[in-house]
Every structure is written in C-alpha cells, then in structure tokens.
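All chains, full assembly: derive it from the sequences and hints.
Chain by chain, the residues run as shown.
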Amino acid sequence: MKKKQHDLVFWLFLAPAVIAFLMVILIPFIMGIFYSMTDWTSRPQPEGLQFVGLLNFIDSFKDISFIYSFLLTIVYTFVNMIVINIVAFGLALLVTSKIKFDNIFRAGFFLPNLIGGLILGYIWQFIFNMVIPNLPVISAIFPAIAESGNLMLATRDSAVMAIVIAGSWQYAGYIMMIYVAAIISVPEELFEAAKIDGASSFKNLIHIIVPMTAQAFTITMFLTLVQSFKQFDVNVSLTGGGPSTQFAGSFIRGTELLALDIYNTAFTANSLAESQARSVIFFIVLVLISLLQVRRNKKKEVEL
Amino acid sequence: MKKVLLVLIMISAIMGNVFANGQQEAGSGVRPTLELLQNKPEIDPQLKAYAKAWGDANGVDVAIKTVGGSVDVTVGQMLTIGYAAGDLPDIFIFPGVDDYKQWAEVILDVSDQKWVDDTAVEFVYDGKVYGFPVAVEGWGMAYNAEILEAAGIDPAGLVNLEAYTAAFEKLDSMKAELGLDSVMSMAAAISMSWVTAHHNFNSLLSNGLAYGDLSVTNDLLAGKVDMDRLEQYASWVELLFTYADQSILVTGDYDAQVGSFAMGKSAFLHQGNWADGNIEASGASFERAFAPHGSMTEATDGIFVSAPSYYAINKDSKVVDYAKKFLNDLVYTDEGHNYMVNEAGMIPAFSPVTLSPSSPLSQSVQKWVADGKVYSWDQYYFSEDFRNNTLGPIYNQFAGKQINKAQFIDALNTAFESLK
Numbered sequence: 001m002k003k004k005q006h007d008l009v010f011w012l013f014l015a016p017a018v019i020a021f022l023m024v025i026l027i028p029f030i031m032g033i034f035y036s037m038t039d040w041t042s043r044p045q046p047e048g049l050q051f052v053g054l055l056n057f058i059d060s061f062k063d064i065s066f067i068y069s070f071l072l073t074i075v076y077t078f079v080n081m082i083v084i085n086i087v088a089f090g091l092a093l094l095v096t097s098k099i100k101f102d103n104i105f106r107a108g109f110f111l112p113n114l115i116g117g118l119i120l121g122y123i124w125q126f127i128f129n130m131v132i133p134n135l136p137v138i139s140a141i142f143p144a145i146a147e148s149g150n151l152m153l154a155t156r157d158s159a160v161m162a163i164v165i166a167g168s169w170q171y172a173g174y175i176m177m178i179y180v181a182a183i184i185s186v187p188e189e190l191f192e193a194a195k196i197d198g199a200s201s202f203k204n205l206i207h208i209i210v211p212m213t214a215q216a217f218t219i220t221m222f223l224t225l226v227q228s229f230k231q232f233d234v235n236v237s238l239t240g241g242g243p244s245t246q247f248a249g250s251f252i253r254g255t256e257l258l259a260l261d262i263y264n265t266a267f268t269a270n271s272l273a274e275s276q277a278r279s280v281i282f283f284i285v286l287v288l289i290s291l292l293q294v295r296r297n298k299k300k301e302v303e304l
Numbered sequence: 001m002k003k004v005l006l007v008l009i010m011i012s013a014i015m016g017n018v019f020a021n022g023q024q025e026a027g028s029g030v031r032p033t034l035e036l037l038q039n040k041p042e043i044d045p046q047l048k049a050y051a052k053a054w055g056d057a058n059g060v061d062v063a064i065k066t067v068g069g070s071v072d073v074t075v076g077q078m079l080t081i082g083y084a085a086g087d088l089p090d091i092f093i094f095p096g097v098d099d100y101k102q103w104a105e106v107i108l109d110v111s112d113q114k115w116v117d118d119t120a121v122e123f124v125y126d127g128k129v130y131g132f133p134v135a136v137e138g139w140g141m142a143y144n145a146e147i148l149e150a151a152g153i154d155p156a157g158l159v160n161l162e163a164y165t166a167a168f169e170k171l172d173s174m175k176a177e178l179g180l181d182s183v184m185s186m187a188a189a190i191s192m193s194w195v196t197a198h199h200n201f202n203s204l205l206s207n208g209l210a211y212g213d214l215s216v217t218n219d220l221l222a223g224k225v226d227m228d229r230l231e232q233y234a235s236w237v238e239l240l241f242t243y244a245d246q247s248i249l250v251t252g253d254y255d256a257q258v259g260s261f262a263m264g265k266s267a268f269l270h271q272g273n274w275a276d277g278n279i280e281a282s283g284a285s286f287e288r289a290f291a292p293h294g295s296m297t298e299a300t301d302g303i304f305v306s307a308p309s310y311y312a313i314n315k316d317s318k319v320v321d322y323a324k325k326f327l328n329d330l331v332y333t334d335e336g337h338n339y340m341v342n343e344a345g346m347i348p349a350f351s352p353v354t355l356s357p358s359s360p361l362s363q364s365v366q367k368w369v370a371d372g373k374v375y376s377w378d379q380y381y382f383s384e385d386f387r388n389n390t391l392g393p394i395y396n397q398f399a400g401k402q403i404n405k406a407q408f409i410d411a412l413n414t415a416f417e418s419l420k
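Each protein sequence line maps, in turn, to chains A and B.
If you use the working numbering, the first sequence corresponds to residues 1 to 304, in order.
If you use the working numbering, the second sequence corresponds to residues 1 to 420, in order.
The set of hints was computed from the structure by calculation and includes no laboratory data.
Every residue, glycine too, gets a C-beta built ideally from N, C-alpha and C.
Be a bit skeptical, because a hint or two may be false.
Pair by pair, the computed Cβ-Cβ distance ranges are [as the list claims (entries may be wrong)]:
id: 1; chain 1: A; residue 1: F78; chain 2: B; residue 2: A222; range: 40 to 46 Å
id: 2; chain 1: A; residue 1: E147; chain 2: B; residue 2: A156; range: 35 to 41 Å
id: 3; chain 1: A; residue 1: D157; chain 2: B; residue 2: E417; range: 27 to 33 Å
id: 4; chain 1: B; residue 1: D321; chain 2: A; residue 2: L12; range: 41 to 47 Å
Sample of chain B residues at the chain A side, in silico, Cβ under 7 Å [to be verified]:
id: 5; residue: Q246
id: 6; residue: V250
id: 7; residue: N278
id: 8; residue: A281
id: 9; residue: P393
id: 10; residue: N396
Quick partial rundown of chain B residues pointing at chain A, CB under 10 Å, derived from the structure [stated by the list, open to error]:
id: 11; residue: A85
id: 12; residue: V106
id: 13; residue: D109
id: 14; residue: D112
id: 15; residue: T242
id: 16; residue: G252
id: 17; residue: S383
id: 18; residue: I394
Quick look at the structure:
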C-alpha cells in the first residue's frame, strides 16, 4: 500500500487555520514591516508611496513620549507580573485547600476575565472616582481618601497602580486556573511522605508545591509578561493616558503605555507609518524579553 | 478526480459567499444602504429615529454610526480605518479646516445644492462649498440664574476678568447658604482635553476680536506670542481652575462635570448648549443662560458661536443622490425641521427653519446670535495632535497643581514657539 504523507483531505482540514493565520497574522505582519520603512498613510497620497528607510525608527526614538511610554511599560510589566502571579498563586492555593464552595470561588475569581477590558476599565474608573471617595464609614474615618489629590486616578503613580489593580483583577483568575491545574496534578504521595517527615504546610509549599508547579510558572510568567506588555484596553478606558506628567522637559501623558502610544501615534497624530515602526520595535523587544524569560524559567523546572 | 471536483465546488461555494456580500448593493431587489458617521452621542437616538422614518419613506436603509462623548474615538480615527478598509461612510461629519484638508480627496463639492443659499455658515474652501452645517452651537460660561440671583450677581456684568474674580469670590464665600459644592464646574482630565485645549483654548484665540479675525491665531501658528494676552488668559484659566470642584477638575468626565451643574452643586458650567439635553435629562428645571468668557481685562461681551461641524458627502459613495436628498430633506421638510429643532434640540443653521429650540441654553445662544455678539471658533486651525497631545497635558498639569501659573505660561509659550 502506498503511504501518502499529506493528502488533500489533510490540507483541506488544515486550510481554515492556515488561511486565517496567513490573512490576519503573517501577511499583515510582513506588510507592517514593509510599511514601517515607507511614508505610508491610509489617506490619499498623490505622490505615491515613498521609501524612507529607517527614518520612522529614528523619529520614534527621538520622540520623548515614546521613550517615556517604553520605560513606563517596562516598570508596569514588572509590577504587574509580580502582582498578578502572587494574587493568582494565592487564590489557587486557596481554592485547592479543600475549603467549602471551592468551585464557586473558582468560578467567581475567573469571572472578571470574561468581562471585556474596556468595560472593566470604565467600571474601575467609576469605583476609583465615585465609589471610594463616597464610602460611608471609611470616608468618615479617613476623610483624606475623598480629597481630590488623593484619588487613585489623580496622580501619575497611583494611576499606574490603578491600572495594575484593574489589570490584575481581570487576569489573576485566568492565571489562577493554570496554577490550580498544576497544583492538583502534584502526586499525593509526596505530601504523604512529607507528612511522615513532619513537614509544616509552609515547608510543603516551598519544597513540594513550588518546585512541582515550576512548569506552570513558566507559562504564567510568559502569559502575564505578554499580557502586561500589550496592555491596551484597560489603559484606554481607565486612564486614557492621563494624568499628565513632565518628562525630560516635555509635558506628556503620564500613564500612556506602549500600545496606547502606538495607537495615538497612528490615530491622533496621524503618523501611520511611524506608528507601524513603533509596533515593529514593540514586537522585537517583546520577543527578546519573552525568550529570555522562558529560557530562565525552563531551567527551574523539575522532572519527576 | 471526484475529490478534486468536490474541493473545487467547496471552494467556489465559499468564495461565492464572500463576493456576494460585496456586491449586494448593486443588486436590484435589496434596499441600498446609506451610512452616516457622526460624533454627537447626545442626539444619537433622535437621529436614528429620524433616519429610520426617512429611510422607510425613501426605500433606503440608513445606518447611523456614532462616536465621541465619553468614548475616546474620533471621527478622524473612524475615517482612517474606513479608508484603509475601502469602506468609508456615505455622509460623515468633519469639524473644520484641518480635517477638511486631510480628507479633501474624498469630499464632494456640493456648491450646486439648494441649501447653500439658505445658510450663512456652510463650509467653504477655495470658493467652493464642501460642508453642510449640522447646526449652530455656542459655548460660554453657562450659569444657573437662580443661584446668581440669590447671590445678588448680575450676569450682564460678567464680561471681564475683574468681574468674574469678584463674582467667584462672592459665590465662594456663600457656598454653604447656596448649597454649592463649588463655584465652577470644569473638567481638565486628559480625556477632557476637548474642554480645555479645544474650547477654553479658543478664548485665547478669538475672544474680543471681530468674527473671523485670525490675527492672533496666525501669529501663534507662526510662533509669535502676544505675552500680555497670554498672561491675561492664564489668569483666566487659573481663576476657573481655582474655583472648580477639584475632584471633577482632575478626574471627572463629561457626565460628572455636567452633573454637578445640573444638580445645582455649582453655579457655572464650562460647556456649550449641547449640555442642555443632559441637564434636562437629570430633571433640572432652573433658569440658565450663557455669559461671556472673561479671559481678558478689557470687556468681551459675546460668546463663541459657529457651526461646530459639517456633513460631507463621500465623493466615491454609491448612493450620492440619496445622500444629497437626505441633507436637503433636513432643510426643506417639516420632518427634518422637527428632528433638528424639537427632537435633537439643535439651533438650525438654515433660514427656512422657523422653529426655535425649547431648551434654555440653545435659546441663549440664539439670543447672542441675534444681538450679533459672537466670537469665532479658531481652535481648528491647530492640529488635533497639537491640541490633544501638546496642549492637553499642559492644562492637565496646571489643573493638578504640578505647575504654577508662571510655568503654565512658559509651557504654552514653548508649545507655540515649537509650531514655527
């Protein structure tokens, strides 16, 4: 019998995925790299497309707001990764600790992930601006929380933290599910052996759960890194880039993360090609950081 | 062989579907679609209702797309996306000359339309008419007449910095007895840059000048700054920010800003007549009107009035005739008049419309227009990028007290010099 490796049916079944991948990922990506080196705009161009080399990249790095967004995004990503993972791991320990109604908790913590980021941003904006200053008992004890300068979204630093809070609230439940799956799959014998040795639950955590769930850490760190770096929807709706700040002598938007900066470059400043160049930079940096992170985490995984 | 045939049939079936979608408009049995893109969420339901009735009468499906308000998307962004996708709306709104230049290639010359003779504020560029004025709008200092009366302040005297300073101080000292949270309802968050860096900024450009006088605007665009005028303007901004509700100023959105005024918690509102609908919706019934901006030491007795935006017809639209008829019917049918004035509460820009809006702020604008005490809108001569990304953060810093008045003046001055 002649053995066919890939027949027509094989390709046919693959076709929807391949076509979708080509059309919405690969082809736009290659076009994007091409456009980033031209003066392309989506408006009518009588002179046609001009090739400008690396000008858009150079202009991007000359733009103070881009540099600022870059630095801010790195800080935000760092803080956000830590917060999300700590919260998610804590929740995962909680819902796997044989408490009552653990399934309800699991569903509850996961639920925010099903809400769209834009809506979530507006909800949290309402909480920060309206609910917190008007909490009846707490605002009587600490009148300072209702003062305009102390609102979460009033200053740059606290507004960044507000994005972290809203972002964590959205994403921690999803990451929690990954940790839950990993914790459940830790063999029971290990805990039994530890019990015989008289290990405390803290020792259990440090010496059994953490090493045994190391591959989950690889995944969750990667996911949260990428998610934080690409943060856009919560940023748009929660702060819109405000409040402003001064950086290197210029007045700029204080909480504008990279994705929002790229968006504003494209759609407010109408520099589509330059924004495309920034996306390419964004892509390269994100790939490099992700590779580094995955390689580092892989080393820590243990095989049973 | 059979397999190949099957695949071909499947592919053609799939492709057929794809192409069929694109060609629907040409089909004879299907109703054509007229798409209109606009940026006034406050009149969205009224416009949709009118458009549906008009569409049924004319055999067209009218699709209304609305952006703006609290949603931080502009018409320009929607057009950019639409153009890239080859799917521009048939009628779209544009606010002024800066946007016209960006979209000039796709905007139809409508100089031959009948309505051109019946309005004074159509959009003209190089002697040709390109824009249908949506309405006449105006902004100034909206005041709560009952509060001012209780405080013994005559709004007619509010024409310069000195008068406003005195009035604000007096109101501030009487806040408790008047039930006020603050004298002023002002918003300066980054997403409210359209209030600060667009509307308030216009006080610097045109207050006190003859209608259409671009001298200050052109000087600033050339990097020449009249420091005296700028300093007076900075005092005005400082006055507004100082007496504003600080929470709303720094973090509030449009709803919070208008809400404070509508609930009688502030005496003045820095918005235009479009806020009337929102104020009424919250159940407020107090008397209100506009006073001039007091951005200068000399008296400036007038408010800022213009057609805020224009409908343009897409030159490449497949339904140009329907689009023209849609606009004409607004001006020449009773239903159109009813929609513009009674439903949407707009101040009509056309002489055949004899109705008069019922809401107090719109009536106030009409009165200022009738008295001829109006100043023009010149902020559109500065790019949206400059207003949102350069000026907006400066106002925001000043509002958050991160910079003082001298630094504010300095920052604006530097911004204008960078325009050279």
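- request: Would you list, in rising numerical order, the hints stated earlier that this structure does not obey?
  value: 7, 8, 13, 14, 15
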